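If you follow the hints, you should be able to join the two separate chains into one complex; please do so.
Order-wise, the sequence lines are chains U and X.
The opening position of the first sequence corresponds to residue 1 in our numbering, with each subsequent residue numbered one higher.
The opening position of the second sequence corresponds to residue 1 in our numbering, with each subsequent residue numbered one higher.
Hints may contain errors.
[Claimed, not checked] Listed next, with one range per pair, are the computed distances between beta-carbon atoms:
# : chain 1 : residue 1 : chain 2 : residue 2 : range
1 : X       : Lys18     : U       : Ala13     : 45 to 51 Å
2 : X       : Thr13     : U       : Asn10     : 43 to 49 Å
3 : X       : Pro8      : U       : Arg105    : 23 to 29 Å
4 : U       : His78     : X       : Thr15     : 41 to 47 Å
5 : X       : Pro83     : U       : Ile60     : 40 to 46 Å
6 : U       : Gly41     : X       : Val52     : 27 to 33 Å
7 : X       : Thr15     : U       : His56     : 41 to 47 Å
Don't read these hints as lab results, they were simulated from the structure.
As the structure is a computational prediction, the values presented were derived from the model and not from experiment.
Don't be surprised by glycine CBs; every beta carbon is placed ideally from N, CA and C.
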Amino acid sequence: KNEVEQSPQNLTAQEGEFITINCSYSVGISALHWLQQHPGGGIVSLFMLSSGKKKHGRLIATINIQEKHSSLHITASHPRDSAVYICAVSRTQGAQKLVFGQGTRLTINP
Amino acid sequence: EAQVTQNPRYLITVTGKKLTVTCSQNMNHEYMSWYRQDPGLGLRQIYYSMNVEVTDKGDVPEGYKVSRKEKRNFPLILESPSPNQTSLYFCASSPRFRQGSRPDVSSYNEQFFGPGTRLTVL
Chain U
1 KNEVEQSPQN LTAQEGEFIT INCSYSVGIS ALHWLQQHPG GGIVSLFMLS
51 SGKKKHGRLI ATINIQEKHS SLHITASHPR DSAVYICAVS RTQGAQKLVF
101 GQGTRLTINP
Chain X
1 EAQVTQNPRY LITVTGKKLT VTCSQNMNHE YMSWYRQDPG LGLRQIYYSM
51 NVEVTDKGDV PEGYKVSRKE KRNFPLILES PSPNQTSLYF CASSPRFRQG
101 SRPDVSSYNE QFFGPGTRLT VL
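One chain only, chain X, in its complex shape (with noise of 0.2 Å):
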């Protein structure tokens, strides 16, 4: 089954003790993002990688960190963890944009996400 799989779904941690939160798709998408979601702030894109070793930041990166050493995962780290990331995650893939491909395909660069990782940093 195609699909974007997160751990861990839910986690409790406290101030500075470093996370992870891994992110693996099985459809071999170049692309793959991290978002968080907040009451009031919508969704909001923290990182991105259009490749393996290629990333870049979203519109809200400071305190995160994210590396891409293989195509299907892309762990989101935090370093030191800080309440104010105290949020919803989610972690995306799309295949890569292809030029010339037919306008009504409405799967290309469709994005794929994974369920949530709801975070609480006390």
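One chain only, chain U, in its complex shape (with noise of 0.2 Å):
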């Protein structure tokens, strides 16, 4: 099993629904990082967070420690939110040692 699960692995959906793309880990950490990589390959770094929650614009980063669970949403959705989205955790604080989820291709017909 891996360490960081993602789900769903694909998702489609219609433009301007709500996403919610969720990331479960099986071991203490002490970040967690969403990361966009873009239909060309470029990869861009969403949040970095070790709890509660954070918002940048329409995308909204949950993070339950307890539950070693966190949820990526995306509000009105958009084609150009249409990407791979990865979540990614670092087990000691300020280590830069990290373990990746398989990725979530999200994308949004317009």
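Here you go:
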């Protein structure tokens, strides 16, 4: 079993829908990262969080340390949100050793 | 412009021919890492560096070497490439974790990725 599991693996939705991508992990962590990989291959860091909730524009990330679970939400989804979303965890405070989930491929249709 | 650069972006080579993929960042970040991405396996960490002359193995270090002689550069060296090292490689950098930083500052410890290097070893 992978240390970091994402669901769903693939998600197709219509423009405007509310999107939720889930990430569960099995080890103690110091921080969790959400990354976005565009169809062209480039990777952008969306959030790093260790507790609670963070919001940036239409993106919201939450984490529940006790349940070892994080969610990434996209409100009012748009075709430009189509990308692979990747969850990664770091086990030690300030550490750079990251373990990645398999990614969730999101497609938003107009 | 703050960025992480990698060179080359594309490389086709043959088994056993030593190669180096360069990585450079202009943000004065302490931390740098190398990852490879393969279909079905996702991203995996090869090596990382916490500062100059400080490097450590990630999850898949076999067949790779790194060095961190300067803060801005973190080259990935394949001494004798093999076909199973055909992959998409990413370099990333991030600023050092600072105790007591405001939890709402989302850029702290954020990873900045290079554009990727697609390597094919024949």
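So, going through the hints one by one against the coordinates:
| no. | hint | result |
| --- | --- | --- |
| 1 | X:Lys18 x U:Ala13: 45 to 51 Å | holds, 47 Å |
| 2 | X:Thr13 x U:Asn10: 43 to 49 Å | violated, 33 Å |
| 3 | X:Pro8 x U:Arg105: 23 to 29 Å | holds, 27 Å |
| 4 | U:His78 x X:Thr15: 41 to 47 Å | holds, 45 Å |
| 5 | X:Pro83 x U:Ile60: 40 to 46 Å | holds, 42 Å |
| 6 | U:Gly41 x X:Val52: 27 to 33 Å | holds, 29 Å |
| 7 | X:Thr15 x U:His56: 41 to 47 Å | holds, 45 Å |
Violated hint for the displayed structure: number 2, the only one.
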